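Let the hints inform the model, and build the full structure from the sequences given.
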Amino acid sequence: MSKIIEDLRYAESHEWVSVDDNGVATVGISDHAQEALGDIVFVELPELGATVNAKEEVAVVESVKAASDVYSPLSGEVTEINEALLDAPETVNASPYDNGWFFKIAISDEAELDELMDADAYADHCDDD
Amino acid sequence: MGKRTPLYQQHLNAGAKIVDFAGWDMPINYGSQIEEHNQVRHAAGVFDVSHMTVVDVSGTEAQQYLRHLLANDVARLKEPGQALYSAMLRTDGGVIDDLIVYRMSFGYRIVVNCATRDKDLAWMNSQTDGFEVAVTERPDLAILAVHGPSSIETAAALLDQTKGEAVAGLKNFRGAELGDWFVARTGYTGEKGVEFIVPAEDAAELWEQLLAAEVKPVGLGARDTLRLEAGMNLYGQDMDESTSPVVSNMAQTIAFEPADRDFIGRAAVTDDLAAQAQGNLPELVGLVLQGRGVLRAGQTVSTDRGEGQITSGSYSPTLKHSIALARIPMGSTTCQVDMRGSATEVRIVQPNFVRFGKKVFE
Numbered sequence: 001m002s003k004i005i006e007d008l009r010y011a012e013s014h015e016w017v018s019v020d021d022n023g024v025a026t027v028g029i030s031d032h033a034q035e036a037l038g039d040i041v042f043v044e045l046p047e048l049g050a051t052v053n054a055k056e057e058v059a060v061v062e063s064v065k066a067a068s069d070v071y072s073p074l075s076g077e078v079t080e081i082n083e084a085l086l087d088a089p090e091t092v093n094a095s096p097y098d099n100g101w102f103f104k105i106a107i108s109d110e111a112e113l114d115e116l117m118d119a120d121a122y123a124d125h126c127d128d129d
Numbered sequence: 001m002g003k004r005t006p007l008y009q010q011h012l013n014a015g016a017k018i019v020d021f022a023g024w025d026m027p028i029n030y031g032s033q034i035e036e037h038n039q040v041r042h043a044a045g046v047f048d049v050s051h052m053t054v055v056d057v058s059g060t061e062a063q064q065y066l067r068h069l070l071a072n073d074v075a076r077l078k079e080p081g082q083a084l085y086s087a088m089l090r091t092d093g094g095v096i097d098d099l100i101v102y103r104m105s106f107g108y109r110i111v112v113n114c115a116t117r118d119k120d121l122a123w124m125n126s127q128t129d130g131f132e133v134a135v136t137e138r139p140d141l142a143i144l145a146v147h148g149p150s151s152i153e154t155a156a157a158l159l160d161q162t163k164g165e166a167v168a169g170l171k172n173f174r175g176a177e178l179g180d181w182f183v184a185r186t187g188y189t190g191e192k193g194v195e196f197i198v199p200a201e202d203a204a205e206l207w208e209q210l211l212a213a214e215v216k217p218v219g220l221g222a223r224d225t226l227r228l229e230a231g232m233n234l235y236g237q238d239m240d241e242s243t244s245p246v247v248s249n250m251a252q253t254i255a256f257e258p259a260d261r262d263f264i265g266r267a268a269v270t271d272d273l274a275a276q277a278q279g280n281l282p283e284l285v286g287l288v289l290q291g292r293g294v295l296r297a298g299q300t301v302s303t304d305r306g307e308g309q310i311t312s313g314s315y316s317p318t319l320k321h322s323i324a325l326a327r328i329p330m331g332s333t334t335c336q337v338d339m340r341g342s343a344t345e346v347r348i349v350q351p352n353f354v355r356f357g358k359k360v361f362e
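Those protein sequence lines, which keep their order, are chains A and B.
Position 33 of the first sequence, counting from 1, maps to 33 under my numbering, and the rest follow consecutively.
Position 58 of the second sequence, counting from 1, maps to 58 under my numbering, and the rest follow consecutively.
By construction, these hints were calculated from the structure, which means they are not laboratory data.
The model shown is predicted, which means the values in this text are computed figures rather than measured ones.
Yeah, the Cβ is synthetic: ideal placement off N, Cα and C, and Gly gets one too.
Incorrect hints may have been included.
To be verified - Chain A is faced by these chain B residues, among others (derived, beta-carbon under 7 Å):
1. 32
2. 33
3. 294
4. 315
Given below as structure tokens:
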């Protein structure tokens, strides 16, 4: 059984989001996603400063098994990327909710948060997968 | 629920992620495929390959039968225990399967692929006419492959003195019949190691002993990256009934001498060899991608001589970049592959990437 963190919001495409008090969202992929991918060997990250739209492909994770797109769950500007993943992509397997975060965005439309799932809804979504 | 090997419970105990493999519930990994891969390159791992099909061939004309059935020549096996890799061909040269054949005290033992079991047995049985031969499947046997630099020492130390000495003393590509066990120094990883073909009821105890001796369980995921690094073909992916062994680097496993041996597919592969020498047939090469990204089976590649296709591709945990096998026009010198929309240069190398833990191509 994969781990789902209570306080996060989740996208159908298995990204998680954590929003701080300044409206900056940290984005990563869920434990369920990393487990399904298997050993991750390459990560591509979005450009710093890029403007991204919700549901847009902005990053790539490549595992021994397959390449998979990562979608931005929210619209906004990319303010930070986790460059440590470029040299240590296995961090995503080891710590999907913590050191394995992908990027941060200053969100432009808070209403989009309502379209994301809470932990319970995401758990159901994973069961249906 | 799929078919299960005698070690299914052991896999669950070891935390295996189970997947369907040609109708069998098999462990794809026990956590991390890359760690399992590295374990085999640096120490020792054990694979349950009991899903593979063991077929015993006996009878006074077993040798004549196999000299007709197989592209390699079992007459090269001079004494019990010797092993040979061979293709089994259709009349038109298409590869029905690849296999290992061992000379045994009773005749021959053949290990064929799991996914091809039904058609292999049907084909083998259809070719027995005129030979005094018995073809007997052995579903009562389990196969444990123990591979890695410390595998033979570790395995030998677990066995009783007679078996242990026999295993420790095995030469490469040789096996020994030890009561109802057969142990051979063959494998599919590019490391040294032994394969134990044992009665199903002995499998769990051997498995537990190996694990207690720090031999780690290794799933089918790592088995695939290990064989790819070793440049070994996978049936159904790098070759099949639509491809000649000549375009799969298997020409050297076809015994054309003696010239009067009439094996199935001989005329076709003789023609194919001539056609390839003229540059009219493609070849199977190795590809190396130094940058980021992973080459995948099915991708089209473009060379200076035309188009080709990747037949197996993955990430090499040993080399830390992607490698692949690809069938491309003969004599190509440059090769490009489309990586997510951008044409990326890849190097063409000998299809052999890693042996005994070390990079082997230039």
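Outcome of the hint check:
1. 32: holds (6 Å)
2. 33: Residue 33/B check passes; min Cβ-Cβ to chain A is 5 Å, inside 7 Å.
3. 294: The hint holds - residue 294/B has a Cβ within 7 Å of chain A, the shortest such distance being about 5 Å.
4. 315: holds (4 Å)
Figure legend: structure checked against the earlier numbered hints; every hint is met.
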